[in-house]
Amino acid sequence: MISSPHSMETSVEAYMDIFLEMMGLQIDDAWRSDIKNYFLLSARMAKLLDEIPLAMTEDLAPVFKP
Amino acid sequence: MSSRYQVFTEAGEIARRVRSGEWRATEVLAETLRYIGEHNGKLNAFTQITEARARREAEAVDAQVARGENPGTLAGVPFAVKNLFDIKDEVTLAGSKINRQDLPAVADATLIRRMNAAGAILLGALNMGEYAYDFTGENIHYGPSRNPHDCSRMSGGSSGGSGSAVAGGMVPIALGSDTNGSIRVPSSLCGIFGLKPTYGRLSRAGTFPFCPSLDHVGPLARSAQDLALAYDALQGDDEQDPVMANRGIEPSMTGLEESVMELKIAIAGGYFRKQATVAAEQALARVAGVLRLSEEVELLGTAQARAAAYLITNAESSNLHLARLRRYAAEYDPDVRDRMLAGTLLPASWTIQAQRFRSVFRADMHNIFGRFDLLLAPATPMTAPLIGQRTMELDGEQMLVRPHLGLYTQPFSLVGLPVVVVPVASADAMPIGVQIIAAPWQEEKALRLARYLELSGFTSPVPHN
Chain A
0 MISSPHSMET SVEAYMDIFL EMMGLQIDDA WRSDIKNYFL LSARMAKLLD
50 EIPLAMTEDL APVFKP
Chain B
0 MSSRYQVFTE AGEIARRVRS GEWRATEVLA ETLRYIGEHN GKLNAFTQIT
50 EARARREAEA VDAQVARGEN PGTLAGVPFA VKNLFDIKDE VTLAGSKINR
100 QDLPAVADAT LIRRMNAAGA ILLGALNMGE YAYDFTGENI HYGPSRNPHD
150 CSRMSGGSSG GSGSAVAGGM VPIALGSDTN GSIRVPSSLC GIFGLKPTYG
200 RLSRAGTFPF CPSLDHVGPL ARSAQDLALA YDALQGDDEQ DPVMANRGIE
250 PSMTGLEESV MELKIAIAGG YFRKQATVAA EQALARVAGV LRLSEEVELL
300 GTAQARAAAY LITNAESSNL HLARLRRYAA EYDPDVRDRM LAGTLLPASW
350 TIQAQRFRSV FRADMHNIFG RFDLLLAPAT PMTAPLIGQR TMELDGEQML
400 VRPHLGLYTQ PFSLVGLPVV VVPVASADAM PIGVQIIAAP WQEEKALRLA
450 RYLELSGFTS PVPHN
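Just so you know, the sequences run in chain order A and B. Numbering that gives the first Met the number 0 numbers the first residue of the first sequence as 0 and each following residue consecutively. Numbering that gives the first Met the number 0 numbers the first residue of the second sequence as 0 and each following residue consecutively.
Next comes chain B alone, as it looks inside the complex (with noise of 0.2 Å):
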């Protein structure tokens, strides 16, 4: 290990030595902030950088260390969040062009503070899909967050810029959004670990919404240590979320390293070995042949969660932007424009059967996890498509990429459960994730399995360029 801090250093180790005075919260934010100088130009990961008060917040830590005192888990540590976070004396973009009239936020976003609790210093906000609907990581107003592996591919959406900037170093941790897949499927392009915890365990108070009754917020790393490091920082009781369940803190951190060997795990089948790639499936083998898993389980039901996720999210999501349709269509990104127009010609009774399923197929899980402690599945049914391409091919079927790159991880987010992806990268090959699904409020099962399997070689890759 340098004696001088370097990207893509772990935050763990980060904090452990900023705490210890080896390295200051200073010295490293002035790296980090000279390396996203240098590589956000081509990634197009952050959107703003919020520099003078990164450098008083460094400044705070470093102060804190002098005086004896403890900072905190996250001592240090640079972390950046989608730009549908508030931020205090900034507008929240949201990745539109039209909230650009809107007053700064008053308030920091409740996760924003719960990091600057923990020592984290704030450095900026990153990229994202319009309004979160996408899965692409495209913005036609503020461009593309890039691939760190190919900047020719797409990072995944919506929470593209956070995939982007952790795949390639310029934070260990940031925070995104998880509506229908907007956490988990850039963190499968990318080759980083994810995590949307349980609907209702995490603080949305201070994020700008798009589908209420399916939004998740969560961080994302290149490792699974600093996924639960971050997961611990991040809990917490919330009155200004209505649908937070004020749980208290349950520490991931403290039995990460358990054995995983008592846990029962299944393949999901059916549904998620359809449309599968061969890359998905080829990654998912990887991880069932390190477990030696070889049993599979049918969730029944599971296209229609899927459809059910995607009405709830297109009438949902309408009815929000009803005013700004009326009056700012035209500013929208088209992509987005259309769905949500779209959207607000459902009959109801589409959405109200969508609602009706989702507690058949939450009972339908609640089965599945009394016979199982974690499922796999794949994050995504391909690596990472060419920027800008329109189309792909699954299963002979060619569909849009734009709503269909997350038909693997829409089912989950109907039901709310918790969801850690792994990164499995090849030689030479994009990398892809694997889903680990939880049961609701069993966040540190999955992450004990993410970390086994970090330690059994599934890593975040490095960027060769």
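Same shape as in the complex, but just chain A (with noise of 0.2 Å):
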């Protein structure tokens, strides 16, 4: 289960850190607050998604066919 936004925006520089770090990427320091910001705003977009309760049975569409 994912961790709410708002929780996750307390923390979200240290996961910043950690996780840079495990996907091989270094950063600028003032590169930092624009990451943390998108980061930020995909975690909305998180949320939003998240309003929406999805059935069990609902299948994920990765390769999509209209």
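These aren't lab readings, by the way, just hints derived from the structure by calculation. For every residue, glycine included, the Cβ atom is placed at its ideal position computed from N, Cα and C. Some hints here could point you the wrong way.
What the hints assert, rightly or not - 20 Å max Cα-Cα, derived SDA-like pairs, lysine to any residue:
1. K96(B) - I26(A)
2. K46(A) - M398(B)
3. K273(B) - R43(A)
4. K46(A) - E30(B)
5. K87(B) - V105(B)
6. K46(A) - H403(B)
7. K35(A) - S10(A)
8. K46(A) - I26(A)
9. K35(A) - H365(B)
10. K41(B) - C150(B)
11. K46(A) - L24(A)
12. K96(B) - W30(A)
13. K87(B) - Q239(B)
14. K35(A) - D332(B)
15. K273(B) - V296(B)
16. K46(A) - N36(A)
17. K35(A) - R401(B)
18. K35(A) - P346(B)
19. K46(A) - P250(B)
20. K263(B) - L290(B)
21. K46(A) - A302(B)
22. K35(A) - P333(B)
23. K35(A) - M398(B)
24. K273(B) - E295(B)
25. K46(A) - V359(B)
What the hints assert, rightly or not - Listing some non-contacts, in silico: residues in chain B with all C-beta distances to chain A over 10 Å:
26. L310
27. I386
28. Q397
29. S425
The two chains are supplied separately, each in an independent frame; assemble them into the complex guided by the hints.
Next up, the structure:
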């Protein structure tokens, strides 16, 4: 289960440090604020989606066929 | 009609006159190159002009006509492509500095070959937002492509050069790509027609990917007829693109001027009414007025559909660029880089939820299209912002321009629906577009309505200067 974006916001700096290192990504300190803001924008998007309960039977659409 | 070719002539007219021998493709090309030379410094639409190749292609078309052969439906028509399309022997920049180190393309993209096969003349590559992650038409490495109706304003992105070149009269047809709105946003801001086809309709083979499960390619043009003409030439099966539906060719030109009276059309409400500026509302009202529409349908889950498209784009593009981000992060446009770096951090659950919601929204839209043939919605919430403008106010909320200018186009990208943008122009105001959304594989209906609206006065405005 994903964390709520609100609780994630408080620890997002630490989360960024850990995962950027795990992904082998090095960043300049000057980029940090914008990366964080874009991550928080994604978190808001994820929260919107989280508000719609999906049935357990609802498959994902990784290769989309209209 | 002048006896000599002039810029802003429609593609269909050029092709007809070249086929008849009244105009020579080489003369059309010469005038087009002269005009581009005069205006590209101002609009910054082209990043490369493939003049020698264009001359060879135009000479070949003239030779075909001289032999009594038919060069095709686009005989002698100049066109250009967003610089993420492979052009044989040229480096595919995709708006970046990093790609300059790549080897030149070994073959043309499929859609360039299709345009050439119909007799069209490739003039070169067009400016775009870096790696297509953009709604503004700005580019830190190559400068912004500019809006021909006001050069201080954005062309829209990411196919900004395509919008600028077509609206500015440099070419009657350009090709672009549209992942979340990158054909439709520049079409709206520049006041031209644009088509994002059904996902899997037109081949993306030989284009630089951005977000494979959302990437589309399509044409932009100054008339609905030219849009349909290009669309028909671009269709066809292609095993080189794994998501192609390979439905063969379903021509749109033959029925383009047939009646639209039987079409059931509704206005998309709810989400699409919340953040529109007065200009966007008035444009939609004008189109609805001509069609005498009043029925409004609320598409439940549209905000979530937009959110899902945003997350999928963020995650997929970041994954595609991961190796480059590790090595060349400082070489990216900061606005692209920082968004992609953020995308590398997304929990898998967020993107899986987005993909699952995609199935739900697809089913909802299928139900809507059981009741209606077409939907109308604004293409952008506002007319072209100023170049360099970072934020905009919509419905009382300040938000960044770059990630949010496509908030009306993104939901339909999520489920791969075909959409045509029709320009709405007013005296002394910047143009803005209206989207015509159809069910999967029903491009013909959207193009037919676009043509009807064009004949009703919704035409692409010629820039004053």
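**Report entry** Hint check, failures only
**Finding:** 4, 8, 9, 11, 19, 26
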